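> Below, each chain spelled out in residue letters.
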Amino acid sequence: MSDKLSRRDLLTAALGTVAAFVIGGCSSTKGGSQPESSAGRRPKTTGPGKLAVGSEKDAGKSVRAAVAALGGMSAFVKKGDFVVIKPNAAWGREPDMAATTHPDVLLAVSELCKEAGAGDILVIDHLIDQPSEMVLALTGLKKTADKAGVRIVAAQNQSMYRKIDIPDGKLLKSDEVLKDVLKADVFINLPKAKTHGETKLTLGLKNLMGVMWNRQAWHSNGLHQSIADFATAVRPDLTILDATRILLTNGPKGPGETKDVGQVIAGTDLVAVDAYGATLFGMKPEDIEHIRLAHEAKLGEIDFARLMVK
Amino acid sequence: MKAKNPRGKSKPLRERLYNMQTLRRAVQLLFFALFIYLFALTIGRTDSEGNLGLPAPIPVDFFFRIDPLVGLTTMIAARKTITILLLYGIPVVLLTVLLGRFFCGWICPLGTTLDAANSLFFKSRRSSTSKPSFITRSWKYIILVAVLTAAVFSAQAAYLFDPITIITRAMTFVVYAPVQLVIRSLGTTEFLSERAPFLLENGFFYGHQFFYRMNLVFFAIFIAIIAAEAYSRRFWCRNLCPLGALLGLISQVSLIKRLVGNTCIDCGRCIRECKMSAICDDPREYIAPECIYCYSCTKVCPTDATRIIPATSSATYRIDTDMTRRRALQAIGIGIGWAALVHTNLATKTVRETGIKSSSPQLIRPPGSLPEPEFLDRCVRCSECMKVCPTNGLQPALTEAGIEGLWTPILVPKIGECAQNCNLCSKVCPTQAIQPFEKDEKQHIFIGTAVIDRSQCIVWNGDKACLICEEYCSYLAVHFREVDGVRRPFVNEKKCTGCGKCESACPIQPQAAIRVFSFGDKRHMSREEQKFWSES
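Protein chains in written order, with my numbering: chain A, 1 to 310; chain B, 1 to 536.
Honestly, the hints are just simulated from the structure, not real lab data.
A quick note: this is a predicted structure, and the numbers were derived from the prediction, not measured.
Some clues are possibly wrong.
Heads up, simulated DSS-like pairs for lysine-lysine below, C-alpha to C-alpha not over 30 Å straight-line [unchecked claim]:
#1 K200/A / K427/B
#2 K79/A / K50/A
#3 K495/B / K163/A
#4 K183/A / K147/A
#5 K200/A / K414/B
#6 K173/A / K414/B
#7 K147/A / K61/A
#8 K259/A / K414/B
#9 K298/A / K439/B
#10 K163/A / K298/A
#11 K147/A / K439/B
#12 K531/B / K495/B
#13 K427/B / K494/B
Each pair of labels, with its calculated beta carbon distance range [unchecked claim]:
#14 Q435/B / K259/A: 38 to 44 Å
#15 F21/A / D266/B: 54 to 60 Å
#16 S6/A / R25/B: 32 to 38 Å
#17 T46/A / P197/B: 31 to 37 Å
#18 G333/B / A217/A: 58 to 64 Å
Some chain A residues near chain B, calculated using beta-carbon distances under 10 Å [what the hints assert, rightly or not]:
#19 P131
#20 G140
#21 K142
#22 V153
#23 Q156
#24 N157
#25 H196
#26 T232
#27 L248
#28 M308
Even for Gly, the Cβ is constructed at its ideal location relative to N, Cα and C.
Please take these sequences and the hints and turn them into a complete structure.
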């Protein structure tokens with residue numbers, strides 16, 4: 001047998017090199033093919049926002065009441081829509097510690113989306129505590145998502161994010177945002193109402209932090225302005241603030257003092273929802289810097305009373 | 001090598017299939033599959049209630065338990081009886097006494113790896129198994145005696161030469177992370193990320209890519225052991241393995257012997273085929289402590305003169321161990337010398353009454369670890385804890401614990417914190433260098449203390465709005481106070497367990513503005529004392 005390279009050898013080598021490029025190239029943490037920076041995600045509905053509060057005894061009923069007052073979920077979700085729900089699942093805490101979105105709230109929202117005819121429902125969040133499997137189980141959200149028959153994903157890989165431009169940002173000019181959020185037909189923000197060491201409160205605006213990759217960049221640039229900057233480029237269609245049980249001290253992670261307020265606030269105006277939420281803690285929305293900055297950037301109405309439907 | 005009978009015809013297929021060598025290979029593969037299976041089981045999985053634990057109630061450190069060298073050196077060095085090691089190790093010892101050094105040929109995963117490497121890479125390069133050198137063969141006995149002597153003087157050295165630790169380290173540092181990388185690379189392609197999401201997170205890997213320090217070093221060692229196969233068959237087992245030496249020593253009265261009948265035609269095939277070169281010039285005689293019962297000699301014997309069967313006759317075997325009194329004394333000297341050097345290495349010196357080592361402020365041990373002296377006696381650097389740690393924070397030490405602590409696990413918070421609600425490392429430690437602890441005990445197990453470097457912290461030295469350390473702390477150990485109009489972070493030493501979540505979260509990397517230091521290590525205090533201290 002000749003030692004010279006045969007045609008077959010050359011072909012095998014070529015295929016092997018291509019395979020190496022495919023595998024090696026894809027192993028960079030940027031992942032896959034990166035299209036050029038694109039625009040963020042703006043809510044579909046324009047015009048003045050609406051705000052409603054549900055305060056039933058049951059968390060699920062509160063959700064339904066609040067959403068019904070806004071015209072029902074079918075006002076947001078059309079048949080076959082790809083719906084992305086972003087709860088607060090960051091911390092490995094049990095639901096009654098009020099550090100994460102309560103599973104009953106997620107259940108009700110998922111059911112409402114299904115009833116409105118959603119095609120694919122994805123519950124997604126960029127978790128902070130590890131390992132993510134444990135966090136999703138401890139918060140009760142995995143069990144609830146399975147019960148509701150919706151997908152739940154911990155977005156811990158950079159390849160799930162894509163770079164967007166933030167042209168109106170003062171400190172933040174670009175960021176990496178979840179691809180699923182960017183291509184969703186409906187994006188529902190599902191925050192938990194809590195205090196926060198740096199920002200005093202974390203509500204809807206701050207909850208958006210979980211749809212982007214590099215949290216450290218916001219903290220090192222200046223957290224308050226970064227939150228407001230991001231919201232200029234990425235905003236949900238609907239925000240449903242879980243204020244059934246709120247965290248009063250040692251937020252956002254706790255453990256701390258909790259209070260059963262029993263309210264769920266649904267709104268299309270992210271700033272207004274946050275402004276209302278601030279009052280539950282006895283604070284003025286203008287005193288929360290990121291809410292004030294977002295209002296000044298014309299992202300929403302700080303005087304929520306004008307938008308209240310119910 | 002197909003055995004042919006004297007008339008030149010191949011032995012019938014049935015005979016070629018149903019023989020002891022085939023059985024041995026099957027058993028070898030079975031044990032290797034078990035080894036891989038147990039390695040895959042060394043991972044944290046969460047049940048529906050949110051409890052993080054091992055996927056199955058099977059001892060993933062099984063191979064360490066049945067390894068008598070691990071049990072012996074650990075118990076001698078620590079001066080303690082470790083029941084679980086006795087329970088699993090004694091049967092192996094007894095079986096070896098009765099049946100010989102079968103462990104090496106039938107069970108040892110490193111042995112199986114070497115056999116596989118031989119089949120795959122080296123078969124064509126060597127025509128015979130090369131003449132044995134009695135000098136190099138004695139090295140393994142010297143290593144064994146040196147290692148045992150060092151253990152007597154409280155210096156754990158078995159980790160350098162124990163085959164089970166070597167193959168497990170190879171799996172963790174050389175195989176695990178690169179295999180994960182290849183699979184994840186496929187999972188991040190546009191094509192597969194939607195169709196096959198399990199490629200990114202599944203039962204074999206955590207959801208994020210793992211990284212290990214010094215993986216090149218472990219790769220080099222592993223490759224060197226495999227490459228030695230090119231020089232002579234089972235080079236490691238013949239010349240260097242102290243476990244093989246130990247098993248060989250105790251198999252002197254083995255009941256299963258190799259007997260050669262009258263039909264032997266002195267063809268010498270068995271001499272060439274013997275993996276361990278246990279058959280020397282006379283095919284009728286063999287060196288019993290070297291025989292690993294691979295049954296190759298019986299397979300190739302053209303006249304079926306060779307048999308390995310239970311027998312009481314001792315006519316045909318020699319029990320040379322190539323160990324003279326002089327060599328034994330030299331080995332003892334090496335062991336004492338190693339222990340003395342290691343114990344007078346500067347890094348071993350501890351400071352004050354706390355027993356904190358002077359070796360490095362970054363010596364952060366896994367929670368539940370025994371105080372340092374006993375930890376070092378017990379830790380065989382098996383790498384199980386480093387594999388199971390869900391954040392990838394446990395890494396092999398280089399100089400942080402001194403030469404005595406080479407490759408022992410240390411927490412590197414900037415890679416991964418010590419996750420709350422996790423006690424996986426304590427569940428996989430084969431020698432209990434990491435003692436069991438409950439998840440809710442963790443807040444009172446202090447492995448270090450975080451310190452804020454105000455010159456680097458962008459809040460203290462920049463008035464920025466950060467406080468990510470305060471936000472992420474699981475134990476309420478970092479709090480803020482408003483100083484000069486800005487909320488700034490402070491560490492409460494009584495609450496800080498040293499988990500390192502703050503260090504891992506800090507935006508300033510790779511040297512974070514808040515770092516965990518070993519002065520907070522409270523292992524010299526009992527769990528009750530630590531709890532009492534933190535609450536005082």
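> Evaluate each hint against the coordinates.
Going through the hints against the structure:
For the hint pairing K200/A with K427/B, the CA-to-CA distance comes to about 40 Å; that exceeds 30 Å, so the pair is violated. As the CA atoms of K79/A and K50/A are separated by approximately 22 Å, the hinted pair is consistent with the 30 Å bound. Using a Cα cut-off of 30 Å, the hinted pair K495/B and K163/A is violated, with the two alpha carbons roughly 39 Å apart. Between K183/A and K147/A the CA atoms are separated by roughly 25 Å; this keeps the pair inside 30 Å, and the hint holds.
The straight-line distance between the Cα atoms of K200/A and K414/B is roughly 27 Å, inside the 30 Å bound, and the hint therefore holds. For a cut-off of 30 Å, the pair hint linking K173/A to K414/B stands: about 27 Å separates their Cα positions. With a CA separation close to 18 Å, the supplied pair K147/A and K61/A stays within the 30 Å bound. For the suggested pair K259/A and K414/B, the alpha carbons sit about 35 Å apart, so the restraint of at most 30 Å is broken.
Between K298/A and K439/B the alpha-carbon distance is near 47 Å, which puts this suggested pair outside the 30 Å criterion. Distance restraint check for K163/A and K298/A: the Cα-Cα separation of roughly 24 Å lies within the 30 Å cut-off, and the hinted pair is therefore satisfied. Restraint check: the Cα-Cα separation between K147/A and K439/B comes to about 28 Å, which is no more than 30 Å; the hinted pair holds. A hinted pair counts as satisfied when its Cα atoms are at most 30 Å apart, and K531/B with K495/B qualifies at roughly 10 Å.
With a CA separation close to 27 Å, the supplied pair K427/B and K494/B stays within the 30 Å bound. Distance hint for Q435/B and K259/A: a CB-CB separation of about 40 Å, consistent with the stated range 38 to 44 Å. Taking the beta carbon of each, F21/A and D266/B are about 58 Å apart, inside 54 to 60 Å as hinted. Between S6/A and R25/B the C-beta distance comes to about 34 Å, which sits within the given range of 32 to 38 Å.
For the pair T46/A and P197/B, the supplied restraint of 31 to 37 Å holds, since their beta-carbon distance comes to about 35 Å. A hinted range of 58 to 64 Å for the beta carbons of G333/B and A217/A is consistent with their spacing of about 59 Å. The restraint placing P131/A at the interface with chain B holds, with a minimum CB-CB distance near 4 Å, inside the 10 Å limit. Checking G140/A against chain B: minimum C-beta separation of about 8 Å stays under 10 Å; hint holds.
The closest approach between the C-beta of K142/A and any C-beta of chain B is roughly 8 Å, which is under the 10 Å cut-off, so the hint is satisfied. With 10 Å as the threshold, the beta carbon of V153/A comes within range of chain B, its nearest partner Cβ sitting at about 8 Å, so the hint holds. Taking 10 Å as the C-beta contact cut-off toward chain B, the hint placing Q156/A at the interface holds, the least distance being around 5 Å. Because the smallest distance between the Cβ of N157/A and any Cβ of chain B comes to about 6 Å, under 10 Å, the interface hint for this residue holds.
Taken as an interface hint, H196/A checks out: its beta carbon lies about 7 Å from the nearest beta carbon of chain B, inside 10 Å. Violation of the interface hint for T232/A is found here, the shortest Cβ-Cβ separation to chain B being roughly 18 Å, above the 10 Å cut-off. At its closest, the beta carbon of L248/A sits 14 Å from a beta carbon of chain B; the interface hint therefore is violated under the 10 Å criterion. The interface hint given for M308/A is violated, since its Cβ lies 31 Å from the closest Cβ of chain B, which is over the 10 Å cut-off.
Going down the numbered hints, you'll see the structure goes against 1, 3, 8, 9, 26, 27 and 28, while the others check out.
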